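Colleague: Take the sequences, apply the hints, and build the full model.
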Amino acid sequence: MYKRFVIYPPRISCEEVQRLKQSFKDIGKHCFIAKRDGEYSPQKDDLIIGWGYSREPVWSRKAEDIQVAWINHYSKILNSVDKLETFKLLSKRNIPIPRLTYSYAVAQSWLDQGNIVFARKTATGCHGEGITVCQPDDKLPHSLFYTKFISNVLEYRVYVLRDKVIDVLEKRKINDVKHDPYIKGDEAHG
4 MYKRFVIYPP RISCEEVQRL KQSFKDIGKH CFIAKRDGEY SPQKDDLIIG WGYSREPVWS
64 RKAEDIQVAW INHYSKILNS VDKLETFKLL SKRNIPIPRL TYSYAVAQSW LDQGNIVFAR
124 KTATGCHGEG ITVCQPDDKL PHSLFYTKFI SNVLEYRVYV LRDKVIDVLE KRKINDVKHD
184 PYIKGDEAHG
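Residue numbering for the sequence shown is 4 to 193, as defined by this note's numbering.
Check the hints yourself; a few may be wrong.
[Unchecked claim] Restricting the straight-line Cα-Cα distance to at most 30 Å, the calculated cross-link-like pairs of lysine-lysine (DSSO-like) are:
1. 142 - 167
2. 6 - 28
3. 167 - 65
[To be verified] FRET-style restraints, in silico, Cβ to Cβ:
4. 157 - 96: 13 to 21 Å
5. 130 - 88: 14 to 22 Å
6. 116 - 70: 52 to 60 Å
7. 108 - 42: 48 to 56 Å
8. 141 - 81: 29 to 37 Å
9. 128 - 157: 19 to 27 Å
10. 13 - 65: 18 to 26 Å
11. 68 - 27: 46 to 54 Å
12. 85 - 46: 25 to 33 Å
13. 16 - 42: 15 to 23 Å
14. 115 - 81: 28 to 36 Å
The set of hints was computed from the structure by calculation and includes no laboratory data. Predicted model, so just to flag it, every value in this text is computed and none were measured. In this text, a Cβ means the ideal position worked out from N, Cα and C, and glycines have one as well.
Modeller: Listed below in structure tokens is the structure:
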């Protein structure tokens with residue numbers, strides 16, 4: 004079977020990643036964390052676990068050449084990291100998403116009607132990166148796309164493994180961290 008278990012996360016310091024690594028060690032399995040640009044050298048008996056990181060690692064070509072097994076390949080993770088891809092996939096399955104437009108004029112009309120609008124400069128930002136929260140009297144910046152704010156809605160992080168939901172956590176604001184009141188932090192609770 005697999006001799007080594009390799010976790011490929013965006014941040015090594017992530018608490019969940021450290022817990023997963025420890026879980027493997029607790030059952031006597033060799034596990035380590037591979038950095039995107041690190042010195043990891045894939046071996047045929049490795050199992051790489053993609054943990055929320057969609058960027059291609061520098062060692063990916065070697066992993067593909069020797070057909071290393073992956074759980075949550077980085078290319079699949081892009082579907083959840085990229086908000087536009089996520090919205091497309093959710094819409095196809097009739098799961099409600101925020102109103103979205105690429106049109107500056109449409110977004111301006113939302114503001115003119117008294118709505119709060121998120122101007123998004125990137126589809127892949129996290130922790131509110133690339134979002135400008137626009138109130139009705141604000142000047143709307145030109146952005147990649149815009150979403151209309153939905154009040155009193157809970158936000159969730161859904162963990163998927165091989166097309167199956169394995170965990171759902173509610174996203175909440177991080178305590179003692181200054182954030183825009185309309186943007187959730189990166190803390191999730193089960």
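Colleague: Could you work out which earlier hints the structure fails to respect and list their numbers in ascending sequence?
Modeller: 1 and 11
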